[in-house]
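Read top to bottom, the protein sequences are chains F, R and B. Position 325 (the first sequence) corresponds to 325 in the numbering used here; numbering is contiguous. Position 316 (the second sequence) corresponds to 316 in the numbering used here; numbering is contiguous. Position 327 (the third sequence) corresponds to 327 in the numbering used here; numbering is contiguous.
These are calculated hints, taken from the structure and not from any lab test. Do not rely on the hints blindly, as some may be mistaken.
[Claimed, not checked] To be clear about the criterion: a stretch of chain R counts as covered by chain B if any three or more of its residues have a C-beta under 8 Å from a C-beta of chain B, and this derived list gives those stretches: (1) 260–270; (2) 274–282; (3) 289–295.
From the three backbone atoms N, C-alpha and C, an ideal C-beta is built for every residue, glycine too.
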Amino acid sequence: MTAITQARPARRARLSTTAIVYIVLVGVIALSAVLVSAAGESFFTSSTLTSVLTLMSILGFVAIGQTLVIISGSLDLSVPYVVSTASIVGAGIMAQGAAGVVPGVLAALLVSAAIGAANGLIVTKLRVHGFIATLGVGLIISGWLGTSFQGSFGSAPPEFRLIGATLIAGVPLSTIIMLACAGLAALLLHRTRLGHHIYAVGGNAHVARLSGVRTQVPVVVSHILCSMLAGLAGLLLLARTSVGSPTIGSQGGYDLMSIAAVVLGGTLLAGGSGGVLGTIGGVAIFAVLDHVMGVLEVNPFFKDFVRGAVIIVAVALYAWRSLQRRPPRFHGKGTRT
Amino acid sequence: MMRTHRKGLIVVALGAAMILAGCSTDGSVDPSAAPEGSEAPPAESESSSGEWFDQAVYDEQFEQRSASFEGDPATPWLQYIDGPMTETAEWQTDEAMHVCFANASISNPWRQTGYITMQEQLAVLQDEGVIESMEVRDAGDDDNTQIADIDYFIGQGDCDAFIISPNSTAALTPAVERACETGRPVIVFDRGVETDCATTFIHPIGGYAWGIDTAEFLIEHLEPGDTVVALRILPGVDVLEHRWAAAERLLTEAGITVDDYFTGADPTEIKSIITDALARGEVQGVWMDAGDGAVAAIEAFEDAGADLPVMTGEDEMSFLRAWQEREMTALAPVYSNFQWRTPLLALEMIANGEPVPAEWVLPQTPIDEAERDEAIAANEGMPDGHYARFGGADLPTFPEPWQNR
Amino acid sequence: MTALAQRSPGRRFLSALATPGGAVFVLLVVLLVAASIANPRFAEPDQLVRFLARTAPIAIAAIGQFFVIVSGEFDLSMGAVIAAQVVIAGNVIGQDEAMILPGIALMLLVGVVVGLLNGLLTTLAKVPSFIVTLGTMLALYGFVRFLTGGAATGNPVDSFREIGRGSLGDVLPYPVIILVVLAVGAWLLMRAPFGHTLLAVGDNPVAARLSGTRTGAVKVAAFVLSSLSATVAGILLVGYAGVHPSIGTGYEFQAITAVVLGGAVLGGGRGWVLSAAAGAIALELLFTVLNQVGIDSTWRPSVQGIIIILAVALGAVAWRTARRPASVTRAEAAAGADPDPIPTPTPTPGEQ
């Protein structure tokens with residue numbers, strides 16, 4: 001019970017943070033529209049929508065998983081290598097043709113899940129900080145990828161590539177799948193006992209344990225889900241590129257960018273508070289910024305600078321806001337009673 | 001909760017089983033992948049370069065090194081080897097074009113130099129009214145981003161022509177095919193793609209030619225039994241892998257011992273590798289798949305008090321200058337940087353309705369000791385990351401844009 | 001602690017070796033022997049000194065990272081600081097000897113500013129250091145490359161590069177001297193009140209604050225020390241290898257690995273600063289040994305990954321058993337009970 005009441009105030013704060021994320025997103029879109037039309041281009045076109053949504057979908061998968069892991073109080077730095085591994089495993093099996101699609105997808109997801117399980121067990125059983133555990137597992141996989149694969153590997157049959165190429169009313173199928181996963185993750189977090197336990201463990205593992213939560217299960221499960229979502233991202237990349245690639249995950253920098261998107265979306269890095277909806281907002285903000293900087297032909301090096309600045313400013317603002325709010329609450333309690 | 005716990009365990013168990021299954025599947029799909037880890041390093045690197053070695057392409061590039069090129073040698077960026085041409089009459093136009101350029105990245109000095117040359121060439125063509133504007137999207141070395149960039153260009157629907165410098169060969173193939181389907185001219189340069197749908201594919205002779213030139217130079221100046229340290233930037237990039245695949249084969253056949261390492265072009269890494277190699281024994285030769293960081297390799301010999309090696313670098317100014325300052329036997333192979341001008345000039349030809357080579361093979365000649373001082377003098381005042389064969393000296397804005405990056 | 005002090009010096013030494021911070025020295029000796037067996041020339045004094053000179057930058061970076069980690073934070077911006085300093089050295093100092101001192105002053109200033117930024121955002125704005133330093137990392141990398149067009153104009157003047165390349169009387173390389181001086185300085189600093197406060201802040205920030213410690217100021221100082229050590233590493237690296245934008249890449253993770261290998265506990269409060277430097281040297285030594293026995297360099301990340309996990313897993317257990325025998329909770333006792341009680345001397349040697 002303590003764990004549930006613990007999570008309550010955090011959830012109330014989260015709602016407003018999520019609202020802010022989307023207000024910022026609307027602001028970013030408005031500003032982008034102005035900048036883009038000032039540059040003589042049009043912003044509200046179907047190809048802009050497709051481009052932004054496509055940029056969103058891959059990072060979105062990874063960031064949803066990252067949200068789960070971060071809420072549970074851990075962190076996942078191994079995602080880029082899981083992405084690459086899934087694309088390699090999927091492409092290796094699918095090279096035999098359309099018959100390989102289902103086995104390829106299953107194998108890729110199961111291998112991803114196994115990596116996630118390894119991450120989760122190292123964190124819970126060996127009691128290694130999530131940062132180090134997943135950094136280590138990521139390095140181990142990257143050594144294997146770098147040694148065993150030079151260049152692209154395997155291939156995806158045309159049937160599978162449709163997933164990457166299909167648009168439904170201007171919205172890429174991949175984005176729809178990603179949003180569906182986000183919905184499922186949100187359901188898991190808010191409507192299941194496991195979800196409540198993920199919040200409880202991330203908020204305060206000690207209190208959670210005292211109140212009867214098996215603290216290791218939520219952490220392991222969120223790591224498994226995170227890796228499987230990264231695996232999905234890898235499969236989607238496979239559908240888009242048609243070949244498995246040992247470097248596709250690190251090319252996208254999905255480890256740090258997904259953590260940045262999660263934090264931008266209002267989830268506390270320390271765990272215990274936040275949500276998938278905010279994360280999707282965070283991912284969208286990055287995607288719109290990336291797109292606009294692309295259209296405006298901003299120097300690619302300057303893009304990194306902007307990303308870094310956005311991360312620092314956004315998180316500092318959240319932190320500042322919560323600092324502003326805390327003292328009055330204490331005062332209020334004091335005077336009223 | 002018990003149930004979720006049990007479910008978790010099942011997932012874990014299945015996952016563990018599938019890791020094994022997954023690995024064995026990989027092995028069965030790619031026979032060369034499985035035995036690699038267990039073999040000794042020399043054999044292993046042989047098998048890995050074996051994956052990249054293509055005898056037919058090797059033979060073709062071997063011939064092309066001595067082929068005669070059409071066009072004026074004073075403008076090598078317009079020269080090509082005679083072959084099939086693409087008719088372009090359907091695209092002939094008097095109106096200035098809106099060009100869309102999907103660039104892989106400008107993340108290394110070679111690409112930065114080329115991109116500057118391209119910008120200055122663009123300005124000339126804009127003045128001439130051939131090109132109205134060039135929209136550039138930079139993929140930051142990411143396949144996925146570049147695919148999205150190309151799809152964005154296609155979706156915008158206002159590109160009169162596409163220029164694509166692919167980030168990787170296989171992964172970008174579907175996107176290039178989609179660009180071709182628009183019916184607009186598509187120009188691919190530098191790294192290739194696995195389709196010949198492009199109007200023209202512009203590239204210097206290629207990686208095997210680089211490997212042959214450099215290996216022949218080392219073999220000429222070394223004895224069988226000598227050791228060559230090969231410094232490679234990173235695995236998996238075709239233009240780089242071909243360089244080593246050819247060089248390793250020739251060096252090994254000549255009885256020269258080769259040790260190859262990946263350096264990420266990081267000079268600290270390069271210096272450590274050479275220092276370690278010198279601590280193990282004598283090193284008579286150094287082979288590089290790109291000149292970036294060559295100076296660190298030379299300094300490692302000097303710091304260790306060892307004789308300078310016979311060396312092949314690249315036409316990067318840092319290497320040429322270091323070579324000039326020392327008594328060294330060296331060769332600067334060239335991966336012709338001037339190819340960055342050619343796509344825009346090809347567009348000019350297309351706008352005029354002139355046919356262009358379907359595969360536009362540009363000349364690629366190494367800089368030897370006789371040409372070195374001339375190459376350095378012609379690029380005086382350029383930064384160390386500049387490439388001698390950048391081919392922009394006749395552009396009206398020369399030399400400021402290249403000097404002040 | 002009092003119990004430790006009462007034992008004989010020999011037993012004290014042995015029990016110190018049995019802690020993670022001590023075990024890394026054992027590991028260092030084992031690796032040194034292994035390297036000398038694989039290549040007898042490696043054991044010659046001049047080779048050893050040269051090796052030490054080469055590892056000085058990463059060892060110095062590890063010392064800087066140690067201050068931050070032991071105070072309970074991370075510094076991911078280290079590699080970007082090194083890259084920035086290297087480019088500053090190339091572009092500001094250039095071929096002008098008169099610019100050496102102003103150049104170094106500018107680099108130190110940049111180091112202090114980045115450290116202050118990291119520290120203040122972490123402590124005043126309460127942003128997790130992981131995110132702050134990730135942000136400064138991206139921003140710094142981007143900004144430096146943007147300003148320089150991605151390439152430096154050339155190497156700085158040779159007399160400046162001597163700092164990282166030359167040696168005193170052709171015997172003792174300057175980087176080794178600088179490393180020793182900084183290591184001694186860091187050791188003294190950790191024994192001074194500052195060091196005790198730093199450990200206290202990392203161990204239990206609430207308790208430290210309640211007992212009147214200015215936790216914020218201490219953490220800011222740790223971040224400044226980290227940035228400054230990255231600056232020194234940058235000066236040495238530009239001397240050793242010259243200017244290249246890729247210098248410094250991955251140094252933050254390598255420094256964290258080294259600190260962890262040296263037995264410091266992530267989350268703060270435990271660790272010896274000299275063990276962090278030893279961890280960095282041991283890591284480089286291990287890579288050298290792997291290289292000597294012919295293991296493909298592409299496996300290097302895997303080795304680093306295994307080490308980092310094992311070092312933390314075993315280290316955490318060992319610190320618990322070594323330092324807090326009385327106050328273990330039931331869960332900790334359960335976790336600490338199954339592996340053998342003093343597992344530390346064997347963690348990584350078993351890994352080769």
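Structure-based check of all given hints:
For a cut-off of 8 Å, the count of residues in the stretch 260–270 of chain R with a CB near a CB of chain B stands at 8, and the three-residue condition holds. With a cut-off of 8 Å between beta carbons, the stretch 274–282 of chain R has 4 residues touching chain B; three or more are needed, and the interface restraint holds. Counting residues of the stretch 289–295 of chain R whose CB falls under 8 Å from any CB of chain B gives 3; the rule of at least 3 is met.
Of the numbered hints stated above, none is contradicted by the structure.
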